[in-house]
Every structure is written in C-alpha cells, then in structure tokens.
Amino acid sequence: MRVAVLSGGRSSEHDVSLSSGAGVRQGLAEAGHQVLDVRVERDGTWWHDGAELELRPGRGLLGADCVFPVLHGPFGEDGTVQGLLECLDVPYVGAGVLSSALCMDKVLFKDVLGAAGVPQVAYAAVRHGDPDPAGAVAHLGLPVFVKPARLGSSVGIAKVTDAAELHGAIEEAFAHDPLVIVEAMATGIEVECSVLGNDDPIASEPGEITYESDWYDYEAKYTPGGMELVVPARISPVARDRVRELAIETFRRVGCHGLARVDFFVDGDEVLVNELNTMPGQTPTSVYAKLFEASGIPYPQLVERLCELARERHAAAAAYRF
Numbered sequence: 314m315r316v317a318v319l320s321g322g323r324s325s326e327h328d329v330s331l332s333s334g335a336g337v338r339q340g341l342a343e344a345g346h347q348v349l350d351v352r353v354e355r356d357g358t359w360w361h362d363g364a365e366l367e368l369r370p371g372r373g374l375l376g377a378d379c380v381f382p383v384l385h386g387p388f389g390e391d392g393t394v395q396g397l398l399e400c401l402d403v404p405y406v407g408a409g410v411l412s413s414a415l416c417m418d419k420v421l422f423k424d425v426l427g428a429a430g431v432p433q434v435a436y437a438a439v440r441h442g443d444p445d446p447a448g449a450v451a452h453l454g455l456p457v458f459v460k461p462a463r464l465g466s467s468v469g470i471a472k473v474t475d476a477a478e479l480h481g482a483i484e485e486a487f488a489h490d491p492l493v494i495v496e497a498m499a500t501g502i503e504v505e506c507s508v509l510g511n512d513d514p515i516a517s518e519p520g521e522i523t524y525e526s527d528w529y530d531y532e533a534k535y536t537p538g539g540m541e542l543v544v545p546a547r548i549s550p551v552a553r554d555r556v557r558e559l560a561i562e563t564f565r566r567v568g569c570h571g572l573a574r575v576d577f578f579v580d581g582d583e584v585l586v587n588e589l590n591t592m593p594g595q596t597p598t599s600v601y602a603k604l605f606e607a608s609g610i611p612y613p614q615l616v617e618r619l620c621e622l623a624r625e626r627h628a629a630a631a632a633y634r635f
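Each residue of the sequence shown is one higher than the last, beginning at 314 in the numbering used here.
Keep in mind the hints are simulated off the structure, nothing from the lab.
Among the hints, erroneous ones may be present.
Here are the computed distance ranges between Cβ atoms for each label pair [said to hold, decoys possible]: (1) Pro432 <-> Gly376: 38 to 48 Å; (2) Trp360 <-> Ala631: 25 to 35 Å; (3) Asn511 <-> Arg634: 14 to 24 Å; (4) Pro597 <-> Gly501: 23 to 33 Å; (5) Gly427 <-> Gly376: 16 to 26 Å; (6) Ala428 <-> Gly363: 46 to 56 Å.
Every residue gets a Cβ at the ideal spot worked out from N, C-alpha and C, and that includes glycine.
Let's have the full structure, built from the sequences with the hints guiding it.
So this is what it looks like as structure tokens:
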C-alpha cells in the first residue's frame, strides 16, 4: 500500500504532530508499506520531497492509496483537512468532516453527549464578550479547569483554585479561542480507552494515567517520564466494562470512524466521560497505540488496519449516489 502521511500543520501542536508523523511512518514501513512524507508547514503550505505540492480536486494525493493525516488541533483535526481530502477524493484515516468538527469543539461535544444522557463532567461555556463570565461558571464551584474549547494537548489550560484567578485564566484561554469551556474538578482517577473500527468498533483494555505534576498538563503528556501508563487500569471489573462500553457508545454517537481515544474519570464504579480525541497522538509517550499493544495488537498491525478501515469507508461511501 502507498500511504501519504501528513504531519506538522498550522496549529500550536505542530511539533507534536511532527513527532506523531514520524511514529506512523515507522510503523507503516515496518508493516511493509511505501510511505510518502508530506509536511504541512506552519503557513499551511504542503511539501513533499522538497517541492511544494499542487493539490487538484478529484485527483487524489501523490497517487496514494490512503492518506494518514496525523495532524492535531485547528486546521488539521477540526474537519478542515478532512474536507480537503474529501475534495481530493482519496481515502483517509480517521473521522470525517462532521465528527472531526464536532469533537474538536469541547462545548458542542459535551452538549451532544448531555442531550443523550451520557454521564460526564459538569461544565459551562464562556464566549468572548459575555458580560459576566464568573457568574456563568459560579455553579461549578472550585477548583475548575479553564480551557480553550477547540485546542488539544493541554494547550492554554489553567487549573483555578482561587476565585481571584478565574478572570485571568479565562482571558488567557481567550488568547487561543473566543470560546472557552470551564469544567468542574472531577474526583477519581484518569482512565483512557482506545477505539478502533468503523461500524463495528472495538475498545482496548483501559489504561490508568499517573503523573507527579498537579494535573495532566502539556509537560506531563509529552516529556519522557512525565506520566506513567498503568495497563490494565486499577479499577473494578464493573468500572472496566463500563469504560469500554461508554468508549464505544461515545465513538458511535458522535459519528467517528477509524480511531479515537476516549478519556474518563473513574471513582469507584462511577464512570464519567471527559473528552474524545479523533486523532490521538502517535508519539513515543502517547497512549492510543500503547493501549492496543497491551490488548494484543502491535503497532505496525494497528496502523495498517487503520489504513484498511479508511479504504473500506471510502469504498462504502462511493456506493451511494449524491
């Protein structure tokens, strides 16, 4: 199979994406596939073999059988690149336009889950220009986490334990996004579960995230030794089954395909959904692949299966008349 791996991108997660791209390229090469390295620069231009690419709708991408867009954050994981790949008419790994956009917006994602009655962390949305942001989130109590609504990798996030710090944290989040989500402090341990598939997805063995820092921030995620993944998670059998059940339910409810990582808080047998990541990191410290490796799927086999799923979805879509 000839696979074009996109990495880089315009977002603040550019460097993380480059690391993820290197991991995917290595995995595909080990599986025996021909890999095309496509870099998306910070200015949005696409390059391959030292030359800027010319993209033509309906003409695919470099003759690739599949595209693996290992792009994180805005202009990569939010439906924009997915829409471009649809216009190029090439199979691509991961969620489509709608589900990518939906899951990138933490407020909209939680609104959809809330309408379906999925248990989750309490939250409130704050929009730039709201007259009383502090009043809008007062019911959450303290501490809270303040986050840009449409970024990832813990960029722009602050933990607020003092009401006097809330305004500054919200303003800092507004520097990244005019929409901010404020979440209540959840009890219990942080557990993550990987999902693989299209119409009949499977869930990995859940893993527990431990770290020395006060919370799971950027440094803990991407600094070697900053976090430890414990697999299987040290949770009850009831909670384990519930995590896997909710991971698949959430994946299906927001219309994902291919892959996702769903994050939870587990307290005893109570399980709360926190977030879903449609293109989880593929760096040496990233969790998605480690969970499936612990579940019996080695990395080269995993990335190969993701490309097969992309091709299957593309072929199925082509059977419909638009």
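Going through the hints against the structure:
no.	hint	verdict
1	Pro432 <-> Gly376: 38 to 48 Å	holds (46 Å)
2	Trp360 <-> Ala631: 25 to 35 Å	holds (29 Å)
3	Asn511 <-> Arg634: 14 to 24 Å	holds (21 Å)
4	Pro597 <-> Gly501: 23 to 33 Å	holds (27 Å)
5	Gly427 <-> Gly376: 16 to 26 Å	violated (44 Å)
6	Ala428 <-> Gly363: 46 to 56 Å	holds (49 Å)
In terms of the numbered hints stated before, the structure departs from hint 5 and from no other.
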